Structure formats: structure tokens, C-alpha cells
Amino acid sequence: MTRSTQALAYARPSALESGAAGRLLGLETSGGLTPAGAQPHPTFFSGFLSSPQTAARGLLAVADVAAARYHDPTPRPLLDPVVTGNGDRLRFESFSGCCGVYARLDVLREGLDGAETGHGTTNVDVNNPLREALSRMTGDSPLHLRVGPGELAVTTLDGSVVEKKVPLPQRWLRGFAEAQVATAGFDLRAELPAAEAVRFLRSLPRPSAGRASRAVGWVVASGRTLRPTTRPAPGAICLPGPERLAALQRVLRQAIALRVYGPVATDGVASSAAWEVVLPGMRLTLTLSPGTTRGFSGEGGVLEALSTDEAAQDAELVSVLLAWEPRIDPAELAERSGLTVARVRAALVRLGTAGRVGYDVADAAYFHRELPYDADRTERHNPRLVDARGLLAAGAVTLDGESASVASGPRVYRVREVGGQLRCTCTWWADHQGRRGPCKHALAVRMARRGTAAETSAAAGGENR
Amino acid sequence: MKELLEAVREGRADKVPALLGPLTPAERKELLVELRALRAELRREEGPWGHWRQRGLAATGVLVAGAGCHTGAAAAAAWIGSRDLRISRPPGSPAVLRPLLEVLDGKDPGWLGDVAHRLAARASAEDDFPLIEELVRRAGCPAPATEGYVSGWLDARSPRSGGARLLREDPHTPALLPLAFDLAVLPNTFGWFPDEKTPGHWPSVLAGLAEAGVVERSTLVDGCVSRLLRGGRPSETGFFLNVLRRLAPTPEEERARIPDWAGMAADGGPQVAAHAQSALGRLAESGLLPVRALAEVTGAVLFRTEKKLVRTQLTLLAKVLRERAGDGETVAGLLPSVAEAFGHPDTGVQERALKLVARHLPAAGEELREDLAASAALLSPAHRSAAVAVFGALLPEEETAAHEEILPPPPVRERLPAPPASVAELVEEVLVLMGSPEEAGAYEWVLDGLVRLAHREREPLEAALKEAIPHQEWYEHRFENFRHVHLSSHQITVEVVVATLLGQVSDHALRTVLKRMGSAVDCPHDGLREITTARTWEAARLIRGRPVPFLLATPTWSTGALDAETLVERLRKYRRLEVEPAPVDFAQALLRVARGPAGSGDGTAARAAALGTPEGDRLAAWLSGGAPALTALSPKPGSEAGSGSESGSGSRTSTGTGTGTGTGTDGGNGGAEAAVGGAPEQRQAAWLSENPLTIARRMAHGMRERLAPLTQFPPAFRWLGRPLEDQKCDRWSCGMWESHWATVLPHDREGLALWMTHSLRTSGDWTRGTAGCLTALAESEAPEGPAGPELHRALAAGTGAKRASDRLAAVDAMLTLAARGQLDHAELGRELAHAVRHGSLKPNRLADALGTAAATGAYGTVWAVLAGALPPLLRVEPLPRALGEILAVASECAERCAPDGGPLPGLAELAGRGGSSQSAAQAARLLKVLEHGAGTPTKDRSK
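Chain order of the listed sequences is A and B. For the first sequence, numbering that gives the first Met the number 0 begins at 0 and goes up steadily by one. For the second sequence, numbering that gives the first Met the number 0 begins at 0 and goes up steadily by one.
In short, the hints are calculated from the structure, not lab data. Owing to the predicted nature of the structure, the values given are computational and were not obtained by experimental measurement. Incorrect hints may appear among the rest.
[Claimed, not checked] Here chain A is said to cover these stretches of chain B; the calculated rule only asks that three of the stretch's residues, wherever they fall, bring their Cβ under 8 Å from a Cβ of chain A:
id, stretch
1, 185-193
2, 255-261
3, 806-813
[To be verified] To give a feel for the contact side, a few chain A residues facing chain B, derived at Cβ under 7 Å:
id, residue
4, R130
5, E131
6, S134
7, G222
8, P227
9, T228
10, R252
11, D430
Glycine included, each C-beta is placed from N, C-alpha and C at the ideal position.
Only chain A is shown next, with the shape it has when bound in the complex (with noise of 0.2 Å):
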């Protein structure tokens, strides 16, 4: 697995402290990007919070699904939670280790007493003893909250003390972008009120051991509820390793209600979900991979959109546009870069995949921030894209009108369009039939069929590592 190793160094570990003025929770942040650029300890925030004790709680689920890993649970060291400052929010996200479940806290404005947040995206230090006083907050009174190191910065900054090196697969990398990505055609499918959220959620299996089953469930809406079902019944709602909604337990006290999204048509097959837990002035949301073995990252359901470079020119005039907005308007944006709105989408799928914007299903809008790791061509190096590509350079792509052929090793491969999907002879197809994306062949004939140059494709794929 290629990976590389992410450091973090934070001028002193995130730590909640009492005093004669109140509580503090400080979060220290390390790397990131703002409007002015790189910076190695940006600010995002320094004001009250409306309801401390469930943004606790929130931070605490975000940490949990950061240190998960479900499938396998080893203990290992992953990645801090990420946070955005967009303005009128934050956002706090995490990926569990599995690469299968996705955590976003959202602290509205309401959440934030009204105060604005600055913008940018940077690490936040979780540390064992910050969760034990999380764990231990109790009560409303007031909690002073700073994102970043403020103008405390001066005085102590001279230095940093805390410094955490964590590996960082490629899988993990693309996964974590492709996870929001994954959710832009999602659509609200059901919603519960508090006492039925409770119910349901307590009704689900926990882990056993930190290990989610493998199983795959379903659920319908019915009524104010969500009735369980063991097959996908038209308009079920797949829930695969239900164990791993495990971290919004957290937060079960302070529920207002809670959200489902999920794919417009399910096929019958599995796949993935959001669950969101409506907090006051907050919003815990969860996006599940379409199976507890399954990680996000090799969903490729962006592979198409990434096989021809049309979109990446585009990507970069959009991205030069954005500027940390809650809510990214499409149409918008088109008129201020003179593309097409279809265009802009593209643009924002392709950017999404290099962890530069978020899609957040309750406000069916993307949203600006910069994953603060080296992704930005994490998914140039997709295996299957890879692949293609050199399937491709080697002449091994036979074009043939409606059909086409790809010699791989000994053996021929057919590939078929059909309704605008590419169907293939391999096993790979017969397996998934392109649920989880176009299969190498199917890929390498996409981009003969728009001819994209195969030697600027090789140039690329020789500078995988």
C-alpha cells in the first residue's frame, strides 16, 4: 500500500481548563491553509459556545470515529479530526481508520452564540486527556471555545511542543474525500423525532470488541419510525454494520431528531448512507460505506469523471473562486467563471475527490475547505486509474463502433456500452457490475473513446511512487 507519513506539531496539546473566568476549551491546531495562505497555527475562533456540554459530546463522536477502526480493530494511530472555519460555522470532521465511516460536527451559528468564525482548514490535536474532560464536562455554564492559539500565540509560541507522526495511506487519503462525494446524490429519505431517533438507535447491535459485523441491513421509513427489514424493499435505506453508527450514542441525550440520507434509487443492492443527528444548534452526521469491509476508497464512483483530464482545467478556475464558503452555489459560481453549471458540478466532483470541498447532504450544497494533507493528486493515483492508463499506453485498446475490446495478460476483454454504462467481461464487473465504479478495461476504453493523449497519461502514471 503506498503510503506516507503525515507530522503534525502543535504549539502545546488541546486541553479544557477551569479558571476564575469559566471554562476554556482550547483546540490547537497545526498546518492548514486560510485566505492567506499556509499557516502552521492558523485561528478560527475564540467565542462562546450556546450548548457546551453537546458540542462536547459532538467533538467526543468525532474523535471516536477518528481512533475506529471497525472492521479490524487494532489500535493504531490515525489522523487528528480536521477543522473548518467557513464563516458562519465550523465543521469538525474525522475518517475512521477502516476508511468506512465518515464524521462531521457541524456547529451552526446558532451553536456558536451568533459569533463569526474565520475561515480555513487545519488539524485539531485530540489528545487522551482533553477526551477525559470532555467526558467529564457536566452542566450549561458557559464555555469559552478557541480554535487555534489566538493571541496567546505571542507569548508562548516559541516552539512547538507536541508533535504526532502518523502514517497516511493512500486509501485512507482518497477515501476521506471520496466519502463526501459519495453523498452528493443523496436525498433526505427519512426523518424521526427525538424519542424515536432514541429508540432506534438504541435497538441497534454495538460493537462487539470495537468490531462491527459484517452484516447488511436494511431499514424503511414507516410511520415516524424506521422499520427494520432484512431485504432492500423499495425505498429501504441500506444500513451495513450497523455497529458503526455506534459513535452517535454519544450524543442520544441532546437529540432533536434524526435525519436519513441515502441514495435516490438503492438497486437492491448495498450501499452507502448519511445519519444525522439534529442537535440544538448543531448537526453529528454520519456517512457509512456501502459495507463494513468496503472503504470508501475503493468505491470509484468518481473514476469516470477523473479518466479524462476535461474537467481538471475547469477544477482549477473553480478552485481559484472559492473562498471557504458554507455553501457553494453552483450557479453562482458559473457566472463568475463563465462556465456552464454543468460544468461547474463537474468541476466541484473533481475537487471534491482531492479533499478541497465537502458536500454536506443537510444543506444539499457543497462547501469550501482544503483537506490539510498532500491529497491533491491522491486520486490521480487510484490503482484502477493507473491501470487504465497503462492499458491504454500499450496499444491494448482495440476500438470497434458500438463495442470494444482490451487485451490484459492472455486474455480478451469485451466492453459494451449500454445505456451510457460500460459493461465488461471481467470479473471485477461480474462481481459488482459497476456499482462500485468502471472496472480498468472499462476505463482504459473511456479514455480512448475521448482520446485522451496516452503519453501524457503514462507521464502521470510513472510518478506513482
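Place chain B on chain A using the hints.
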């Protein structure tokens, strides 16, 4: 140097130090180059290095020699820590450690310390502990604080091997021991000796260290508390709880950690929460816990579902409130948190909370009363009258929304997709089918597609399959010896046909297999498999010998049903093309067409007869009441039938002869059906009351029926015509449900249910997914009106399945049947009660399944089932264990749907027993609901 390399190659690491000693720094540098080359050679695993043992020995030599050559600490640590040089033995094992320390002898202590700390930072630190420890000792530096090193250190100090003494004497203990509380994974040895009296009991050892003053007591207490607060696996939190109990924190220590206990009581696992709760309880009783903190903890604890925790908390509050009864501030602070329990899922808890609030309400102010009354709206209707008595007019009006029964939408059967248009389309689907567990609909489509295209485009199809299917040798082997290989259900797939097209199946095989079919059927599951297998092999033989344009039996619908009109049309085409129908194909086609009752020859039957072919005549007869009886589909007299008769024989008789058992015996003779299907005593009664002539006529008819399948159907089907000896086979493969089975007999779900009941009762032990048959059968073709008794019996069996997912399938099936209007609630209730009485259904599983069904909004349906099940259940002595849970579900349903109907016999007696048992309490609750009266209208809504 040559000698040294020779020794390394031979795997003699022990010789290395002596040979390395005299080398100069320059020579060592040169040697390192050679060693790197050797290391690369080892990595290639070629020649003698192909064997791991040989390679491992040489790698050790390379490791030792290289460690002595490196001059930089970083390079040395990387070399010693590298994974490829520790193939069989880590540097910590004695055989490596000794020579390794020897070559490092005489190095600068600072350098050694550097190497030690670098090794400790690697993932292999735990394995390398003995080496690092020795290096640290030689260097005289502080011990590394990495997780791996601490784990290794703790392992080496395991109390079993005298570790208690070692720990006391180790100068590193004060620094390293506190780090144990931060380990992500605890050493295994922590849990080895759970008995406090054994010397290996870690908690005692740790407490001993605190007593001896080796480590600060507060460090240990803080460590435990932090760890418990952070949560984790029960085994880990259990260990730290034991340490904490052994340390026995003093009241001052407990008082100093109130927020910690509060956090644990709110979020910890049950054990941790109970411990924290008891600590807080002690503080509260001695007045050391502020009212505000107690109120916050109470709110969090009462939100939990563990009844024990909730009750303990309510008891504590009762005590505190009693002691400070006059203190208005305490009452005002605590009562709102007590009211949190009004919304608790357990009505017993609600009752206790209500009583507690009622007792102290007089001391509450006006505003507080109003708030409490508002919370009281969350109380179950069972406590409504009590709440009215407490709050009077303050209580909000009861919501009187009419109950809406929510059931899933009735299933819609789907048409099978049109046959493949091109070879490419078919080949893709063949590949999909071969790569996945076979699903009946896809199988039918592909089989028909292969037959069609083999007839129409033989050569392109063969070429495309040859290109697309890898490993052809595999087929050769498999199908030459096909009879030696057990053809389990998954393997009978279209692969046979594909292999035939690829020329991999011998003519001999194709000739002989079909002949042998049906001879060895001894259970219905075998029989069902045999039919599909025969069909597949027949298709293969047709393709080889006389290709037909299409198959007759391909279903019209996803349920497996074939429209009679479609079959007539297919037969007509066959006649026109002068194709002779293949026997197995036609027999299967008939089974997929709904049989008509006697004399019901409608237009379709007439059109079939008009074809003038033997098959047309058989179809006409099939449609108009002349279908042969399929005896195997009926229960064997006296075996299973009437299992529920003790509880409700009266109504059983009525359903037994009604449309319900219309399984295979729709042959038009209701009397014959009763003779086969009824309970033994009923059967006898029927014999006695009829006149001899009728009996003789029926016997003759029975003989004809039994003979009919033998003469008209191919061998693979003949088992259907004889009563089956063994319907409860215990073979592993028969305990599973296969989706093909529903499509073999799409109109005979009663028979299929009969054959699955035993599998359902034993499911979950070594089978999974058996209950899938229930959903399939609930959605299958069925006449109007309630389903038959066998399906209800199977449903009852599925409700008691071991696995929750199987029980969920039973719930699905129950709700589907209810939505289709095919559920006989009373019948299911009786079957459930019967199964509980006979021990084949665990009451707690029944409560779980019915609770799940009710919670989806089907309260009325579940109530109707329970109304049938409860009277016999209440008569069981001794009372079933989980009766209370079942009654709780019943009460919940009754509260929601306000059923009409009289009192349940036996309920008042149970409720009258009083006492604190759950069943008596819930019986009283149910009684109250039923007496309180029905009247709220119930609307039906299918959603």
C-alpha cells in the same frame, strides 16, 4: 573477512563476534557492503534461501555482523530493527541477543542509549524489549517511554514470574508504571490471574507497590479513573475497575473526583457506571455531593436503559429526598431530574418515579409543579389515572389521535426481463451468475438465454464463451468426473450448460445423468434440488443433441409463476416449429402454472386442448381439475399435523379443510384432502361418519393419484407423488433455504413451509439465513384469503430463531402476510403458544420478535396475534420465564390500538397474584388497558 561471511552464510551467528572482533574500521566498512549484498540476496529468496529456515539463520548472522559494523546510531538501529533480518527470531531472543550484545560490547554508552531509544520508537519495540533493556542498562540512560517498550516491560515483569519483587526493585518502575494506563492494548498477562489470592493477581501487585511507596497512590487512582472515563473494551475496563477496588479509594479521594464519577455513570459500560454510581451514592448519603451535581448525574442515569442502574438511582434519590424533605431547595433541584424517568421505556420505572415525585410534590413551588406536570405527559397511558391523581388539572390533555396501523406495502411481483438480445449481453450475465451465489430469477433468465442463443447463434455464442471464461481445464476435470463430485445446490448452476457449449462435457455424461435422477431422493430438499439439476442437465443435452428455440418453463413472474396463456402460446410455437417438448422442461412448466379446481375449464384450458398435442391435453387437464395429487406436499398423517390442536382444535378443523391447505391437493376432492391433511383423530372421525361406498371411491381415487405422477412425470419429479418418510432431515445442506425452491413449486407454499419448519426450528446452530424462506413464501403466489396452517407454523418456528436476523425475516414475513390480508392472527397466536408450551420457542425471542414488529407501527396486528397466543400462554405452569416481556409488548400494543374484544382469560388471575414480578405487573398493566375500555377508532393504512 571471508571466514566471517562464510559463517554468516552457514547461519552461525554465534561465531560472528569472535571473527568480527579483530577487524579494523575500514574493513568493517567493506564488510558492510558485502553484508548489504547478502541481504539483498536473501530477500530474493532464491536457491538455498528459498527455505525460510535457512534464510532465517543467515539473516540472523547478517543482523549481528551488520550491527557491529555500523558506526551511526540511526543506521545501527534501522539495521537491527529491519523486518527482513528477523525472519524467524527477533533480536530479543537469546540466540540472537547473546552474539548481538557481544558485538556491541565496548561501544560508547551514549551511542548505546541512542540506539536503545531509536529501537524503542519502532513498531517492533515490544519484541525487542530484552535487547533494549540491556542497552539501557549499559548506557545508564532513562528508560524509553514508548508504548512498545512499556508493553514489553510489563510482560517481562509479569507477577507470575516473581514480577512483584522485580517491580519493587526496578529503578524504572516509578517512571514506567504510570504509562501502563495509557497503553492502547493491555498486556495479556493483566487478565491471567483473576483470583485475588494468587501471587499473579496484577491489581494486588499494583496496590502493593502503592503501599510500599514505589509509586504514588494518587497516580494509580488517577490512572484508573482516567482509563475508566475514557471507556474501552469490557475486559480492559474490568481490569482497571479491579485495580480501583483493590486500591479502595478513601472518601476524600472519591470526593475529589466527582466529575469523573459523573461522567462514568452517564456514559460508562454497565459495570463502570454501577461502580461510579455507588461512589456517588456514598458521597450523596454523607452529604458531600452538591444537589446540583446529584441532579445532573440523576438525569443522565435515568436516561440509561439498564433497569438496575435506574432503580438504584431512584432508591438513592428517595433516600436523599426523605432525609431533606423539608428543604425546598433540594426538592426543587432534584425533582425535575426524577421526572426524566417519566419517559423511560420501562413502565415500572415510570411508576416508581411518579410515586417519588408525588411524595414530594407538596414541597414544590407552583412553577415546578407545572414543569413536572408537563413532563408527566410522557408517562404511559397505564399511569394516566395515577398522574391525574397527582397533578390534577395541571396535567396536559391526553393526545387522542386515532391509532393508524402501519404495514409494509403489499409486495408487487415483477416480470422476468425479456430474453437476451445479443450474445454479448448473455455472456456478461453468465459471468455474473457464475461468480455469485445463484439467484433463481437470474438462473432462469440465463438458462433460457443460453438455450435460445445456442439455437440461433451457436457459433458466436461458443466463441464468446471460450473467450470470456478462464480456466477451462477446470471444467474438463470437473465434468468428466461429475458424479464423483457432490453436486451441491450452488454447483448445479448453468455451468453445466456452459461447459457443454464449450465441449467439456462428455456425451456419456449427458446420456446417463438424467437417467439416474430421482432415484435417490429421500427428503423434499433433495427432491427440489433434483428437479433443478435435472432441468439444467436436460437443457445441456438439448443443446448438444437437438437444440430447441426456447424453454417452456421459464417463469413469467419473479415468484416463479408461469401464466397459463404464455405456456399455451409456447406450446403452439413448438407445434408450429415441429419441436417436441422436453419432458423435464414441460413438467416444470406445469408445476409453475396454477392448477385449476375441478370443472373450471376456462378459455385457456380449451385453447390448450385445442393444440391437439399430448402436452396440450395435459395442460388442459392441469388447468381444469385433472392435475395429479402431489402427495409429498401434504403432511404425513399423524406426524406434524395438529400440533396446535390442544390449544384450539375447533378452529383448526375449520382452517384445515378450508382453502388453506390447498397445497398440492387442489385436485378437486375436498374429502381426500381432509383424509390426508387433518389431525389423526379428525381423520378417524371422518372415516367413521362416512358411508363405505364413498370410502371405496376415495381409495380408488387415491390410488389413481398416487400412480399419476409415476406415469406422466419424468423420474426427477416422481418423488412428489409419494408421501415422504423424512421431512425433518438433519443434513447440513438441507437446513438452508435456496431461492430455487420457491420457483420449483411457486403455487405450493404450504408444502414448502411444511418442509422448512424443522429447518427453521434448528436454524442458527450451524445454518444461517434459513428464515429467508419465510419472506419468500410470504411474497409468493397465493389465493385470496388467509394462508394455510403450515405457513403459520413455519412462521412461529422462525419467530423463535436463534439469530436476530432470522427473527427479523420472520417479522418481515408476518407483516407482509398481514399487509396482503393473508395472516390468520389467531392461528399464528395459537401456533406461537403451542411452540412455547412445547419448548421449541424461547419466550424471550418471541417477545423480541413481536416487540420489533409492534415498534414498526403494526400494533394492531401484533395485538391480534397476542390475543390468540396469550390465553394458552397464561395457562402454562410454571409461567414462561419471559412472559412479563411478552405482556409488556401486549400492553404497549393495546395502549396504542385500543382493541375491542373481551377480557383475556387468565389475565385477571395473574394480575391478582400481586408481588413484584414483571409478569404480574405487566398483567395488571394490560388488564387496566383492557378494562379502561376500547373505543378509540382504529384506521388501517398500508404504507
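For each hint, the structure was consulted:
no.: 1; hint: 185-193; verdict: violated (count 0)
no.: 2; hint: 255-261; verdict: holds (count 3)
no.: 3; hint: 806-813; verdict: holds (count 3)
no.: 4; hint: R130; verdict: holds, 6 Å
no.: 5; hint: E131; verdict: holds, 5 Å
no.: 6; hint: S134; verdict: holds, 4 Å
no.: 7; hint: G222; verdict: holds, 4 Å
no.: 8; hint: P227; verdict: holds, 6 Å
no.: 9; hint: T228; verdict: holds, 5 Å
no.: 10; hint: R252; verdict: holds, 5 Å
no.: 11; hint: D430; verdict: holds, 6 Å
This entry does not satisfy hint 1, going by the numbered hints stated previously; all others are met.
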